[in-house]
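10 protein chains.
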Amino acid sequence: MSMDLRELIKTCHRNNAMNSITGILHYSGTYFLQVLEGGRAEVSATYHRIANDPRHSNVILISCSDVRERLFPVWTMGLHEGMDEETRNIFLRYFATKDVNPETVNVDSLLDVLQDLSAELS
Amino acid sequence: MSMDLRELIKTCHRNNAMNSITGILHYSGTYFLQVLEGGRAEVSATYHRIANDPRHSNVILISCSDVRERLFPVWTMGLHEGMDEETRNIFLRYFATKDVNPETVNVDSLLDVLQDLSAELS
Amino acid sequence: MSMDLRELIKTCHRNNAMNSITGILHYSGTYFLQVLEGGRAEVSATYHRIANDPRHSNVILISCSDVRERLFPVWTMGLHEGMDEETRNIFLRYFATKDVNPETVNVDSLLDVLQDLSAELS
Amino acid sequence: MSMDLRELIKTCHRNNAMNSITGILHYSGTYFLQVLEGGRAEVSATYHRIANDPRHSNVILISCSDVRERLFPVWTMGLHEGMDEETRNIFLRYFATKDVNPETVNVDSLLDVLQDLSAELS
Amino acid sequence: MSMDLRELIKTCHRNNAMNSITGILHYSGTYFLQVLEGGRAEVSATYHRIANDPRHSNVILISCSDVRERLFPVWTMGLHEGMDEETRNIFLRYFATKDVNPETVNVDSLLDVLQDLSAELS
Amino acid sequence: MSMDLRELIKTCHRNNAMNSITGILHYSGTYFLQVLEGGRAEVSATYHRIANDPRHSNVILISCSDVRERLFPVWTMGLHEGMDEETRNIFLRYFATKDVNPETVNVDSLLDVLQDLSAELS
Amino acid sequence: MSMDLRELIKTCHRNNAMNSITGILHYSGTYFLQVLEGGRAEVSATYHRIANDPRHSNVILISCSDVRERLFPVWTMGLHEGMDEETRNIFLRYFATKDVNPETVNVDSLLDVLQDLSAELS
Amino acid sequence: MSMDLRELIKTCHRNNAMNSITGILHYSGTYFLQVLEGGRAEVSATYHRIANDPRHSNVILISCSDVRERLFPVWTMGLHEGMDEETRNIFLRYFATKDVNPETVNVDSLLDVLQDLSAELS
Amino acid sequence: MSMDLRELIKTCHRNNAMNSITGILHYSGTYFLQVLEGGRAEVSATYHRIANDPRHSNVILISCSDVRERLFPVWTMGLHEGMDEETRNIFLRYFATKDVNPETVNVDSLLDVLQDLSAELS
Amino acid sequence: MSMDLRELIKTCHRNNAMNSITGILHYSGTYFLQVLEGGRAEVSATYHRIANDPRHSNVILISCSDVRERLFPVWTMGLHEGMDEETRNIFLRYFATKDVNPETVNVDSLLDVLQDLSAELS
Ligand SMILES: Cc1cc2nc3c(=O)[nH]c(=O)nc-3n(C[C@H](O)[C@H](O)[C@H](O)COP(=O)(O)O)c2cc1C
Ligand SMILES: Cc1cc2nc3c(=O)[nH]c(=O)nc-3n(C[C@H](O)[C@H](O)[C@H](O)COP(=O)(O)O)c2cc1C
Ligand SMILES: Cc1cc2nc3c(=O)[nH]c(=O)nc-3n(C[C@H](O)[C@H](O)[C@H](O)COP(=O)(O)O)c2cc1C
Ligand SMILES: Cc1cc2nc3c(=O)[nH]c(=O)nc-3n(C[C@H](O)[C@H](O)[C@H](O)COP(=O)(O)O)c2cc1C
Ligand SMILES: Cc1cc2nc3c(=O)[nH]c(=O)nc-3n(C[C@H](O)[C@H](O)[C@H](O)COP(=O)(O)O)c2cc1C
Ligand SMILES: Cc1cc2nc3c(=O)[nH]c(=O)nc-3n(C[C@H](O)[C@H](O)[C@H](O)COP(=O)(O)O)c2cc1C
Ligand SMILES: Cc1cc2nc3c(=O)[nH]c(=O)nc-3n(C[C@H](O)[C@H](O)[C@H](O)COP(=O)(O)O)c2cc1C
Ligand SMILES: Cc1cc2nc3c(=O)[nH]c(=O)nc-3n(C[C@H](O)[C@H](O)[C@H](O)COP(=O)(O)O)c2cc1C
Ligand SMILES: Cc1cc2nc3c(=O)[nH]c(=O)nc-3n(C[C@H](O)[C@H](O)[C@H](O)COP(=O)(O)O)c2cc1C
Ligand SMILES: Cc1cc2nc3c(=O)[nH]c(=O)nc-3n(C[C@H](O)[C@H](O)[C@H](O)COP(=O)(O)O)c2cc1C
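Sequence lines, in order, name chains Y, H, B, G, C, Z, E, W, F and U.
Letter 56 of the first sequence, counting from 1, is numbered 56 in full-length UniProt numbering, and no numbers are missing.
Letter 42 of the second sequence, counting from 1, is numbered 42 in full-length UniProt numbering, and no numbers are missing.
Letter 95 of the third sequence, counting from 1, is numbered 95 in full-length UniProt numbering, and no numbers are missing.
Letter 30 of the fourth sequence, counting from 1, is numbered 30 in full-length UniProt numbering, and no numbers are missing.
Letter 122 of the fifth sequence, counting from 1, is numbered 122 in full-length UniProt numbering, and no numbers are missing.
Letter 65 of the sixth sequence, counting from 1, is numbered 65 in full-length UniProt numbering, and no numbers are missing.
Letter 47 of the seventh sequence, counting from 1, is numbered 47 in full-length UniProt numbering, and no numbers are missing.
Letter 68 of the eighth sequence, counting from 1, is numbered 68 in full-length UniProt numbering, and no numbers are missing.
Letter 103 of the ninth sequence, counting from 1, is numbered 103 in full-length UniProt numbering, and no numbers are missing.
Letter 16 of the tenth sequence, counting from 1, is numbered 16 in full-length UniProt numbering, and no numbers are missing.
Bear in mind the hints are in silico, worked out from the structure with no lab data behind them.
Note that the structure is predicted; figures quoted are calculated from it, not measured.
Derived DSS-like pairs: lysine-lysine, alpha-carbon spacing no greater than 25 Å straight-line: (1) Lys98/W <-> Lys10/H; (2) Lys98/U <-> Lys10/F; (3) Lys98/B <-> Lys10/C; (4) Lys98/H <-> Lys10/B; (5) Lys98/F <-> Lys10/Z; (6) Lys10/E <-> Lys98/C; (7) Lys98/Z <-> Lys10/G; (8) Lys10/W <-> Lys98/E.
Work the whole structure out from these sequences, hints included.
Right, here's the structure in full:
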């Protein structure tokens, strides 16, 4: 798989700003973890586009729920890339290994990880 | 839109049984309300197929979460069709009107409605 | 004040059925206590009409909130009239006197009273 | 619709001070969001006047409840006007879009927004 | 101390019915335990009269609080007199001895006792 | 009504110190709000004397309960007198108007007010 | 150790009735488990006598607390003796073995056991 | 792997009865799910023997905690074998598929399943 | 009663250090209040010796329970003696009078008092 | 028993780093207390190796549960050795004696102790 991430994130910023969608996208080098925040209709439409995107496969929906307040309000789509020492430590603080299985990963711990990663971006 | 529901529900039973998916599908005559229960991977793959199905449009994801126990374990996809007196009363018990807006509908009330509808099926 | 209650309640049934509004109306002989259940827009419009109705005055709004399920789903507007022995006992079970002051009455106790009264109707 | 806001807010201050009513009024340019705090009788009378005011229409009551302590005790009616960058960010922190639908808006999130807006005023 | 209880309870019924006061009065032969339920003004006025009544002394106020619903709605003043076997057992179920010290008695246990005693009356 | 408050408060200090009673007394110019803290017997005896005091009338008992710790341990009877701007603001923060009705006033809000007033004394 | 249990339990009944003490005494054949219920002074005095009784040794106090209602109100000292099949099963339902270590036994589980044993007596 | 289950369960009954261990053992035909209940020392020793038993491999410890009361007090080791229709339905009521992954299976759901299976045994 | 407190406290330190017992001892001049913390066996043995000590009488056990963490870990037996102004204020903050009745004193308030007293020691 | 701890801890670091296992190991001079954190499969495999290690005996499993976040994320196996004054004080703050019985020790208190010990290491 070859992927132009810079191109991808530009599309995200353009579309998400228009749809008032915020979130974070982690690319480990192997797989993506992503949070989409926004209205149900906008998130659904965006999610369906992403699920159909041939640039990845095996998309798995982990959780979807109403929130009182956004977790990533300042990011139209914050990008966190790679798996350096610090990143691995964040994953290991909440998980058994640095690689998470989307079919079984605990949602709360995953959000803890992604919030810690977003703190590294700012 | 013309739709062969009998055909559709046969496909549901065939695929869902294979994927250990259960749930309920309400067709009001105008729109669908559906619950899919099962593993994250199976539900995701099924949901992506449904979202791409040209037989409907404007698919909106309302909620997705882990559960301790299934709500509809006996239905590989229970079908509830139409909007008779009794059905309208069930909707009105939990909502302002008999038509729910998927972008704003309260998830708990919606599940209350669908469980009441499933009680009518058995 | 002279009031044709039969006329009034007919109007309630006609309008409320159209607006999917339910509730209960108690007329003590001196004042009204009323619960309106339904969508925010429908309840607001109905309430504004009632507040402007010259047949009563000093209308006081006691409480307004979202509910998981209606309390009076079977009544397009149940009418409870008068203050017989049984009615007085219901009021006294929850209040200091049989007459409640709308400016200070406790909302939960008031709903307890009105549900006990509605039980008398059916 | 043409509206002299300065005139309106003067009336608010005059009447509300007399009735010990406090609150906040947001005018987006298109619609109003308002909180009235005070005694039930005073809030009701004021609300009925506002609901009948021909300067706006489609008034929708969102919520009304007893509180232990006022949220806006220092404002006889704080006015927040317009929808600049900062304001839009406050709305988007709690909602899907910068425009809220009064029929479905979540009450707690709305109060979060209005408190954040009031912080901008002082 | 000589006391005509029949006379006393007649006064209670007369006054309390007028004031919508309910409650229970236990006379052990040595001391009284009493619950007064009703509006704050009515309970206060009645309590002040009782506190000044020369037929007893050392009146001690144990607790006074708002309630959602009366405990003794059917008794304008239920009288429980004496300390037979059954009564002593009720006291001992909740207390160290059959005689309670008003300065230290636990309020919840006392109400448990008085409700058990009232069950004997009906 | 003419009242020598200085005289009154001297009596309070003398008696309350002897009885280990603490509390606060607010005199608005028109009525009193008072908290008495101490043993049940001492508070009862003091309260009965106050209730019988011809210098005021219409005494209403609002609440009486056991506490884990006193709210006003340093005041044998702190006196707060008058209704200046600051005082009115404290009342309005918790109540509909600056005058509270003893028959309906919420106990928790009243204690909030009196603690805010006591903060002004020290 | 030789012990006349019949004699012992007679003393219990005589003294405990006088002191309004209730409870249960289990004798496994090897050791005692006992609950004493009553006033603090009476329980203390009784406990000190028992602790000094040369007929047993290594008395260990496990727990002592105020209760809202007695657990064994009908027993001036219910005696449960022996370790038959049924008794062992009751112990094993809540504990690792049929013998409990007084230094570490969980208080709640112990009370569960003793209440199950008392049910066998009646 | 060839396994004489009858032999195995006899050993379980013999040893567990001696160690006051209870529990349930499910053999799907492919893998085991087992609950051991008892004292920490006894459960540990038994567990270490089982973990070293060459008749199976990849033993994974899922959870271990103190309990107020045993879940399977009547079984020195109840054996549930096979995966018939009814069994599969019990698994699917709580899980995505009839096969559970010991590394990620939810503990509470697993105990729900095993209790439902034990109900089939009695 | 004549009592050599210095002698007594030396014995406490010697024995308690050996038994890993900690706590606090308040001597008002008239009576003792004491907390013993440690293992059940050690606390029991110590308590039985104290209860039998002829230097005092009327020993009353107020409460005994397992704790997550000691309240007085640094005191093998902290001695607080006398009833000066500051001490009386501490008692009055939590109690009706400076003298507490061991038969009725509230356990939580008593521990609050003793912790405040121990703060004076360090 | 003779034990080369330095050798042991080197093995721990090597293996645990590979398995993403973290934790703490306390050696009192007489016995070990250890926490292993990581995936269920990795912790199980490591635990089985440890339980079989001839360098110690009487291994007792105290507790095993899923966690939201690791307690010792920075230690591939922190070693705390010995029982100096400070260490004994930490044990006594939470336990009856400095030696804990693995069959009965309270899990929460044990984790409190081990976290206090780990604070000494850093
Ligand atoms: C991992 C991943 C994440 C994506 N995230 C977003 C996103 O947040 N918003 C978005 O509009 N498109 C996102 N896309 C791209 C969509 O799949 C799709 O290409 C894009 O929305 C099409 O936009 P366009 O029609 O404006 O080119 C993502 C794609 C991938 C592979
Ligand atoms: C409202 C709606 C609900 C559907 N529900 C399901 C379903 O629960 N399971 C399923 O496999 N297909 C469902 N389908 C059909 C899928 O969109 C798709 O046609 C089908 O999965 C293709 O299966 P096939 O490849 O076996 O024909 C649904 C379609 C619609 C329009
Ligand atoms: C105490 C009281 C309760 C009322 N309740 C209702 C009601 O529940 N629904 C309603 O439509 N009108 C109600 N009304 C009547 C309205 O004030 C108004 O007259 C009516 O809605 C006008 O309807 P119309 O335009 O169809 O005649 C009530 C009036 C009073 C005085
Ligand atoms: C959006 C909106 C908010 C208003 N808020 C208040 C208010 O808080 N208090 C008030 O007295 N009038 C308010 N008014 C004005 C009332 O509708 C009404 O004109 C006014 O109370 C009449 O007062 P007057 O009789 O003293 O002129 C508001 C009007 C609008 C359109
Ligand atoms: C123990 C006791 C309980 C009493 N309870 C009541 C009561 O519940 N209601 C009441 O009106 N008077 C009660 N009384 C009587 C009052 O003290 C007082 O005598 C009476 O209210 C005067 O009423 P009268 O002015 O109608 O005679 C009680 C007196 C005693 C000694
Ligand atoms: C509003 C008010 C509050 C009072 N508060 C107290 C008080 O806290 N303590 C007190 O002893 N007397 C208080 N009194 C005075 C008593 O009513 C009574 O006059 C006094 O206790 C008699 O005391 P003496 O017999 O020592 O003069 C208060 C009186 C009034 C009107
Ligand atoms: C295991 C055990 C339990 C006892 N329980 C009680 C008891 O509940 N009440 C009691 O008065 N004595 C009890 N006793 C007896 C006391 O130790 C003591 O002998 C007795 O109270 C003396 O009473 P007497 O002076 O009336 O003979 C118990 C003794 C033992 C060994
Ligand atoms: C899946 C499985 C479960 C077992 N469960 C138990 C058990 O509950 N109790 C037990 O003593 N042995 C159990 N065993 C057997 C032990 O591994 C071991 O063979 C046995 O305890 C040796 O006992 P013995 O020395 O008395 O032969 C189990 C073995 C397997 C494979
Ligand atoms: C109020 C009071 C508190 C006591 N506290 C303790 C104590 O905490 N530890 C203790 O060993 N002895 C305490 N004692 C002393 C015991 O009653 C007893 O005299 C002492 O334990 C005997 O110890 P010895 O045999 O070493 O002399 C206390 C005595 C009294 C009167
Ligand atoms: C008290 C104790 C704690 C141990 N802790 C660990 C540990 O955390 N990780 C580990 O791999 N081995 C641990 N061991 C060592 C194992 O028992 C075993 O010797 C080791 O895992 C074998 O590793 P090797 O095959 O790489 O030599 C511990 C041993 C003892 C006695």
